[in-house]
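S.K.: Line order of the protein sequences matches chains A and Z.
Position 219, counted from 1, in the first sequence is what our numbering calls 219; the numbers after and before it change by one each time, with no gaps.
Position 242, counted from 1, in the second sequence is what our numbering calls 242; the numbers after and before it change by one each time, with no gaps.
These are computed hints drawn from the structure, not numbers from a lab.
None of the values given here were measured: they were computed from a predicted structure.
Examples of chain A residues toward chain Z, derived with CB under 10 angstroms:
#1 Glu291
#2 Ala311
#3 Leu327
Computed list of lysine-lysine pairs in DSBU-like fashion (alpha-carbon distance at most 30 angstroms, straight line):
#4 Lys40(A) x Lys320(Z)
#5 Lys40(A) x Lys40(Z)
#6 Lys40(Z) x Lys320(A)
Glycine residues also receive a C-beta, built at the ideal position from the N, C-alpha and C atoms.
Protein chains: 2
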Amino acid sequence: MFEFELLATDGQARAGLFHTPHGELQTPVFAPVGTQATVKALTPDQLQALDASLILANTYHLFLRPGDETVARMGGLHAFMGWPGPLLTDSGGFQVFSLAERRQIDPDGVTFRSHLDGSEQRFTPESTISMQENLGADIIMALDECAEPYDRSYSELAMMRTHAWAERCLAAKKREDQALFGIVQGGVFADLRQQSATFIASLDLPGIAIGGLSVGETKEEMLAMLEILDPLLPQDRPRYLMGVGSPEDIVTGVLRGVDIFDCVLPTRMARNHTALTRRGRINLRNAPYVEDPLPIDPDCDCYTCRSFSRAYLRHLSTTKEMLAATLLSIHNLRVLIALTQDLRLSILEGRAQSFAEDFLVAFRKHRPTEAET
Amino acid sequence: MFEFELLATDGQARAGLFHTPHGELQTPVFAPVGTQATVKALTPDQLQALDASLILANTYHLFLRPGDETVARMGGLHAFMGWPGPLLTDSGGFQVFSLAERRQIDPDGVTFRSHLDGSEQRFTPESTISMQENLGADIIMALDECAEPYDRSYSELAMMRTHAWAERCLAAKKREDQALFGIVQGGVFADLRQQSATFIASLDLPGIAIGGLSVGETKEEMLAMLEILDPLLPQDRPRYLMGVGSPEDIVTGVLRGVDIFDCVLPTRMARNHTALTRRGRINLRNAPYVEDPLPIDPDCDCYTCRSFSRAYLRHLSTTKEMLAATLLSIHNLRVLIALTQDLRLSILEGRAQSFAEDFLVAFRKHRPTEAET
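Go ahead and model the full structure; you've got the sequences and the hints to work with.
M.R.: Put into structure tokens, the structure is as follows:
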């Protein structure tokens with residue numbers, strides 16, 4: 001279980017197969033985010049129809065509601081949310097650290113107040129593993145601490161705690177049917193990233209995540225960190241770039257050896273009336289679409305593009321109909337999933353560089369001319 | 001076109017086939033309401049999967065946004081909303097009369113202020129036909145006036161206007177591929193209802209609607225009016241009871257000769273966390289469902305009941321996830337559509353009375369013990 005087959009490389013780009021108890025992941029792969037055990041506005045059937053394979057859920061939210069123990073008694077997250085494929089849960093740490101004044105970190109864990117009712121709660125490495133074992137996802141994450149990316153001393157401290165917590169998570173883990181991924185931290189500091197990659201790679205873990213990027217640093221800094229990490233990370237384990245990304249970030253990330261991505265961007269933009277395309281974004285509330293008979297993207301194979309005009313989607317957005325979020329989420333997720341599928345094929349066929357260049361030229365050329373959210 | 005085949009009767013209950021340009025309706029039939037050219041929170045695919053055949057859209061809303069002329073330029077309502085089956089539009093009158101102080105009725109039509117921007121607008125019999133010809137539904141409705149059910153003099157005046165407007169709508173109608181239905185009014189007054197049924201039946205119209213019921217009168221009064229109307233309405237044309245109903249109203253309506261129903265109840269209740277069943281309603285926010293592994297109704301064949309527990313639906317409702325509205329709408333609509341399908345079969349097999357009795361006993365027995373919205 002949890003074998004990673006590296007099928008092909010093209011430069012640093014990788015095409016692989018990651019085996020999990022609920023099916024294999026064809027990498028590179030983009031994971032839609034289902035924070036509260038639902039990818040917002042979509043049924044599992046709709047997710048399968050757009051070729052989603054890995055879904056992410058958030059431990060912090062499910063711990064608060066309905067409770068990880070309730071999910072366990074309901075048969076685990078797969079049964080609870082009706083998702084038959086691979087699932088990934090985060091540790092909950094990132095959400096807790098985002099609570100700002102409402103949390104306090106110490107060497108043993110983090111104490112915080114619930115954003116729902118203000119009740120005091122505590123996460124430790126051991127408790128986050130226990131919660132994730134209750135949820136039962138195929139891939140689970142070690143508790144980590146994500147520092148401000150430019151604060152060197154905090155980045156170093158957070159990295160050290162992240163390493164200690166990764167060891168404790170590994171020791172606490174009991175279930176054999178879950179893959180625990182460790183997380184590389186270190187901000188934008190090359191030596192810290194190197195130190196962190198070396199340490200996390202030394203642990204007996206079937207996958208490695210890269211945390212603390214896309215949290216405020218520039219795109220150039222993110223790419224520089226990925227360049228540094230690539231030779232230090234083992235080839236035989238999947239690499240997961242947490243919380244990334246946009247179409248552009250996925251292409252540039254794959255070129256630097258990343259296998260797994262997740263991001264709320266496509267579904268959040270959908271609820272904000274914005275459609276992703278390979279030629280930039282379009283805001284469907286804009287007046288030019290009022291009688292536009294074309295689909296969002298005539299080249300897209302999603303249900304939304306096969307069935308509906310921009311004029312109809314604009315009408316649904318303007319009238320605040322829930323179906324707008326559903327149809328735009330279907331499209332936006334399909335764009336990112338189709339993009340990872342095309343990237344995978346280009347790697348297998350040894351033309352990843354030219355595919356990426358063509359994509360980035362088209363994407364960057366059109367973006368400034370299109371309406372942004 | 002618009003032939004109505006009466007396949008079987010059982011007492012006053014009728015099973016038929018109504019032929020429209022976008023397919024046949026197997027009656028009795030329940031039509032989900034898609035006010036703004038969308039059944040809220042559902043895709044056309046999901047509607048087809050739950051066996052919806054006729055969808056209703058509201059002319060008033062579509063006149064305001066995106067405009068009936070825009071819909072016409074986008075290919076008509078079927079193409080615009082991606083619904084391949086039969087569609088019905090109302091005249092818009094009911095919504096306008098509901099505007100209360102914001103409208104003024106005269107013998108020639110009604111002047112009103114838009115609920116969106118306060119702009120002054122006017123509907124006449126001719127303009128409501130023109131708008132409905134732009135929208136292009138298979139079944140369109142004459143402009144009628146719905147009075148307070150207990151006000152005799154107003155009911156008589158509204159009925160007279162309704163009759164005059166029905167004649168004007170018929171004269172104004174140009175498209176051959178749309179069936180215009182006239183509307184019987186008359187409040188709760190037997191003689192007015194008789195007079196109205198006789199007049200509307202005398203017009204050359206392929207179907208007859210019964211308006212002004214389920215607007216404040218008691219259930220007994222509604223059923224009494226249906227009893228009076230049955231012998232006066234022609235057997236060879238479908239009968240549409242507007243804005244009704246609940247499971248109970250559908251069963252009692254079918255027993256009194258009604259063929260077509262529509263109601264916002266199932267989808268509105270779904271957005272209010274309430275599931276319909278043949279044994280009453282359940283509010284999924286209630287605490288007992290927090291770890292309930294059963295589907296809403298183990299006997300229901302809908303996607304929601306085949307895939308999800310009450311515990312999951314409660315979680316989605318509690319966390320205000322959009323998917324709750326989608327999944328409960330699928331279930332609630334399927335309940336009413338399956339009910340009309342079962343009623344149809346019972347009529348064809350000559351056991352409508354016993355089916356209805358068994359249904360009503362079970363429904364009324366359980367209802368008081370279940371949580372209401």
